[in-house]
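Respectively, the protein sequence lines represent chains A and B. Convert by adding 1303 to the 1-based position in the first sequence; the result is the number in the numbering used here. Convert by adding 5 to the 1-based position in the second sequence; the result is the number in the numbering used here.
Mixed in with the good hints there might be a few duds.
To be verified - In silico negatives: residues of chain B with every beta carbon more than 12 Å from chain A:
#, residue
1, LEU112
2, ILE113
3, PHE172
4, ILE255
Claimed, not checked - Okay, the calculated bits of chain B under chain A, using three or more residues with CB under 8 Å as the criterion:
#, segment
5, 161-170
6, 174-186
7, 220-226
8, 230-236
9, 240-248
To be verified - With a straight-line Cα cutoff of 30 Å, these simulated DSS-like cross-link-like pairs (lysine-lysine) come out:
#, chain 1, residue 1, chain 2, residue 2
10, B, LYS182, A, LYS1481
11, B, LYS19, A, LYS1430
12, A, LYS1354, A, LYS1312
13, A, LYS1430, B, LYS153
14, B, LYS153, B, LYS246
Since the hints were made in silico from the structure, they are not lab data. We treat Cβ as the ideally placed atom computed from N, Cα and C, and that holds for glycine.
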Amino acid sequence: MSDEIIVLKDVCYKYEESSHNAVDHVSMTVRRGEMTAVLGRNGSGKSTLVKLINGLILPDSGTVLTDGMDTQDDEHVWDIRQRAGMVFQNPDNQLVATVVREDVAFGLENTGVPSTDMPERIDAALKAVNMTDFAERAPHLLSGGQKQRVAIAGILAMRPDIMLFDEATAMLDPRGRKEVFETVRQLNREGMTVVWITHFMEEAAQCETVHIMHDGGLVLSGTPQEVFSDRERLQNWRLDVPPMAALAQHLRAAGVGLPEGILSIDDMTREVEALAAHL
Amino acid sequence: MLNNITLGQYYPLKSVVHALDPRVKILLLIAYIAGVFIVPDLTGFVLVVLYLALACKLSKLPFRLLIKGLKPLRFILIFTCILNLFFTGGETPLLNLGFATLTREGLINAVRYSLRLIFLVLGSSLLTLTTAPVTLTDGLERLLSPLKVLHFPAHEMAMMMTIALRFIPTLLEEADKIMKAQSARGADFESGRLFERAKAMVPLLVPLFVSAFRRAGDLAMAMEARCYHGGEGRTRLHILKVEKRDWIAILITAVFIALVILEPHFVPWHL
Chain A
1304 MSDEIIVLKD VCYKYEESSH NAVDHVSMTV RRGEMTAVLG RNGSGKSTLV
1354 KLINGLILPD SGTVLTDGMD TQDDEHVWDI RQRAGMVFQN PDNQLVATVV
1404 REDVAFGLEN TGVPSTDMPE RIDAALKAVN MTDFAERAPH LLSGGQKQRV
1454 AIAGILAMRP DIMLFDEATA MLDPRGRKEV FETVRQLNRE GMTVVWITHF
1504 MEEAAQCETV HIMHDGGLVL SGTPQEVFSD RERLQNWRLD VPPMAALAQH
1554 LRAAGVGLPE GILSIDDMTR EVEALAAHL
Chain B
6 MLNNITLGQY YPLKSVVHAL DPRVKILLLI AYIAGVFIVP DLTGFVLVVL
56 YLALACKLSK LPFRLLIKGL KPLRFILIFT CILNLFFTGG ETPLLNLGFA
106 TLTREGLINA VRYSLRLIFL VLGSSLLTLT TAPVTLTDGL ERLLSPLKVL
156 HFPAHEMAMM MTIALRFIPT LLEEADKIMK AQSARGADFE SGRLFERAKA
206 MVPLLVPLFV SAFRRAGDLA MAMEARCYHG GEGRTRLHIL KVEKRDWIAI
256 LITAVFIALV ILEPHFVPWH L
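The following block holds chain B by itself, in its conformation from the complex (with noise of 0.2 Å):
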């Protein structure tokens, strides 16, 4: 029951917006959010959509996996536009149910904040489904190396991600040999109710814990014995290099950006 999980949404394929450099891409991502939030009114919405049909166009992506991302969002969104709608107040009334009005500016507000989180959600579902975990593991940690003169930990949290992604398929399978174990021996872990189900998994945790904590000894004692003492003096296999693609990328997006400042002052009308 356990098998077949696949690691983050990672969807590889080889396309221009795969073989970014993950920094850069993680860069962009802020850029592009930041842009979502910009957007003044309702018509800038298509710059957005614009971009991010180039950008999901360049990634070879099929658009299916894109919108199965907003799936989980559904009732944070329908929970943001019945807020909007109802509680925003405003001078132009639309219609009125005696217990809420609804109006013009109510509305306004649903559609762009429910905008603003499908485009949000769109946008880093489209990174994290063209970027292996450990790639972006790998450019998070050099992002953020910089940091390390304020003590911020940067490679030691990107080798602690690193691994956990080893792990988890490793203990995935564990728990189910675990649980299989058990149930062998009249354990149920599916019937009762939730908290007689919660209680089922006790003995499936406990020794998985155990084992964990074992393996961690182990696994410390194995890097130790590898040379591993820290950042400090580290080389890397991959070298991430800025290339022309990336330039292209990061110049195509500063254009995206410009244009959402600039939206007002082109266009005549404003929703």
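Next up, chain A with everything else stripped away, as it sits in the complex (with noise of 0.2 Å):
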């Protein structure tokens, strides 16, 4: 039990029908237990990134170790993906069957769990996830967020040590993207190792480590508070700080005596009562 559970090494990958390096000699590790988000614009190559984590996609070059398996050894394929469990950003497109007990049963079925041991298995997950009451509902009745978490409760089911999340907020309503994205916090909060791919600054100021990708490459590595505290930096990727981080430096600015590293509406409000104290 190594603690750097996922590490890249100078991983390349190039889509076929194209030109240039959708990942380009990118190097990371991820912490065991560790809550990761991976930032980045449109094609910036976050989604391959984590589809060469589970072994959907294999590097061109580089290696690819999660937790101690070289993702290119085909004897391990079905072991990584039971470990590294992926959730997508369509929440209908990852559904299989029609009832919900069923689809968290999918991935049970396919690793040969013995059919005794899944209903403990199933309820467990669900409780996890809340969504005991609807396990005998049809997928296609539920709310984006609730698929989402049957989603998330059809990985639980595997018992991963790796949740990957490809952009699974991307297509739900604020309170779905809310429910889904404090339930994975829940998880990691239990010892469920994340990476958390998203283009939602406040998703990723909530979690330990921020990376940045652009073009392909992997350009800044850090806590939230270093990431976010140069936000011309940022706009060189096209990305924008957290609403509060970007108020915090208009204050600033206007002299207002903040300190740096405040990302969300609760830092704002300690710093701003921190303020008032004093006054």
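Two chains, two frames, a set of hints: combine them into the complex.
Quick look at the structure:
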């Protein structure tokens, strides 16, 4: 059990029909139990990056080690995909069965889990995402956020160590987005390693580590405070800072004595209250 | 306009017939159909009626639901009747219409073939009304799985049917959305002759197909990410087990078939 659960070493990947690398000499590591965000605008290669992690695509050069296993190694394909579950963007296009329960069972059936063990694992997974009451429903009658939570349950039932989210909230309304993000944060608090691909700055601001991708390359990594400290640099990659960080920057420029590193509304209220106490 | 669709005609109830193993139900339907075909004379249909009435009673289904299944059959029924009435030939004329003769044999044949058709459909409806589509698919897969030795893709077929069942509502919803979007921009799907209406469907079908292919690609990727690699080494959530009630159903059906075969021996008249 190494502490570094995902290791990418100088990885390149090019789509056949494309002229340049979708992922270009990327090296990164994710620690066990960490919640990592990968940010980048459309076409920056962030989706390609996660598909490399669970072996849906294989690197042209470089190596990807997921939980110590090389994704190039044919022997480990199903092992890797069981340990690194993936939730996709479109909630409709990843549910297979006509009943929620049966969809959660899909991964278990594929990995050959004995039928007698399934009900317990399904119930636990549905409970973890708070969808127990919907177990017998048809997926197409659920809301987007509920569908994504079913998809998460389908992965959870397989008892993975890592969960990869490929813009899992991009197609949801604000409420569904919050619902899903909170579920994932809870899973992370319980020890799940999470790689969270997004283009929402507020979500990235709540992760422990943020990686920024641009034109296939990993251009910046660090804590949210580090990454979001420089608005101009982010704008080079056509990204913006979270709204509260932008507001803090404006206020600082106007002479209000706010410290660096304000990212969320909570940070802002805390600092403003602290300031007010000094007055 | 496209909502409120029910898939197949499954009518969920808690009954013995609903609870039967789908494999058993499919095999019993095949036996029943064979029974309907070997009924030697009109008297034999009494047995069919009794068997079906028992099954219907046990299934707790409202009788009108079964009858509703016959509605699309009415033209074929009329056609069968007319053909048999006038074109059977035979020796005992009952009525001469000039252009054709109605014979006793013709009359018997018309009734027999119509009854056969009616009972075929009623029996099959009973199966689809009491079995959820997914359960039915599951049963079919397992019944056909011995054919895997001959490279028959039983698992793949069942998987395709399940996915189709899952995506029909999704695609209908999408079709509805596209239709509304096109109507909002002045497309007219409702008026005009048949050909014009068919032509108006093109701007609906093209985006629908494009999106269906995209969904297929996404789904394949998601299935692979969830370790799907065909039917080999796969376990199932539902274990199908043949229970006491299944054996009783099999027994009743066996008695029914036996009676149908023996019927001419203990009924003195022949119709």
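> Hey, does PHE172/B actually stay past 12 Å from chain A on C-beta?
Replying inline: 8 Å, violated
>> Minimum C-beta separation from ILE255/B to chain A exceeding 12 Å: can you confirm that?
In response: 24 Å, holds
>> How does the segment 220-226 of chain B fare against chain A when you require at least three residues with a CB closer than 8 Å, holds or violated?
In response: holds (count 4)
> Holds or violated: are the alpha carbons of LYS19/B and LYS1430/A at most 30 Å from each other?
Replying inline: Holds, at roughly 27 Å.
>> Holds or violated: LYS182/B and LYS1481/A, Cα atoms, limit 30 Å.
In response: 26 Å, holds
>> Hinted pair, alpha-carbon criterion (30 Å max): LYS1430/A, LYS153/B. Please report holds or violated.
In response: At roughly 38 Å apart (the allowed maximum being 30 Å), LYS153/B and LYS1430/A break the hint.
> Is the Cβ of LEU112/B more than 12 Å away from each Cβ in chain A?
Replying inline: At about 48 Å from chain A, LEU112/B clears the 12 Å cut-off, so the statement holds.
> Does the segment 174-186 of chain B contain three or more residues whose Cβ lies closer than 8 Å to a Cβ of chain A?
Replying inline: n = 3 at 8 Å, threshold three: holds.
> If you draw a straight line from the CA of LYS1354/A to the CA of LYS1312/A, is it 30 Å or shorter?
Replying inline: Between LYS1354/A and LYS1312/A the Cα gap is close to 15 Å, so the pair holds against 30 Å.
> Within the segment 240-248 of chain B, is the number of residues with a Cβ closer than 8 Å to a Cβ of chain A three or more?
Replying inline: holds (count 5)
>> According to the definition I'm using, a residue is off the interface if its beta carbon is farther than 12 Å from all beta carbons of the partner; does ILE113/B meet that for chain A?
In response: 46 Å, holds
>> At least three residues with a C-beta closer than 8 Å to a C-beta of chain A: is that true for the segment 230-236 of chain B?
In response: holds (count 5)
In summary, the structure is inconsistent with hints 3 and 13 from the numbered list given earlier, while agreeing with the others.
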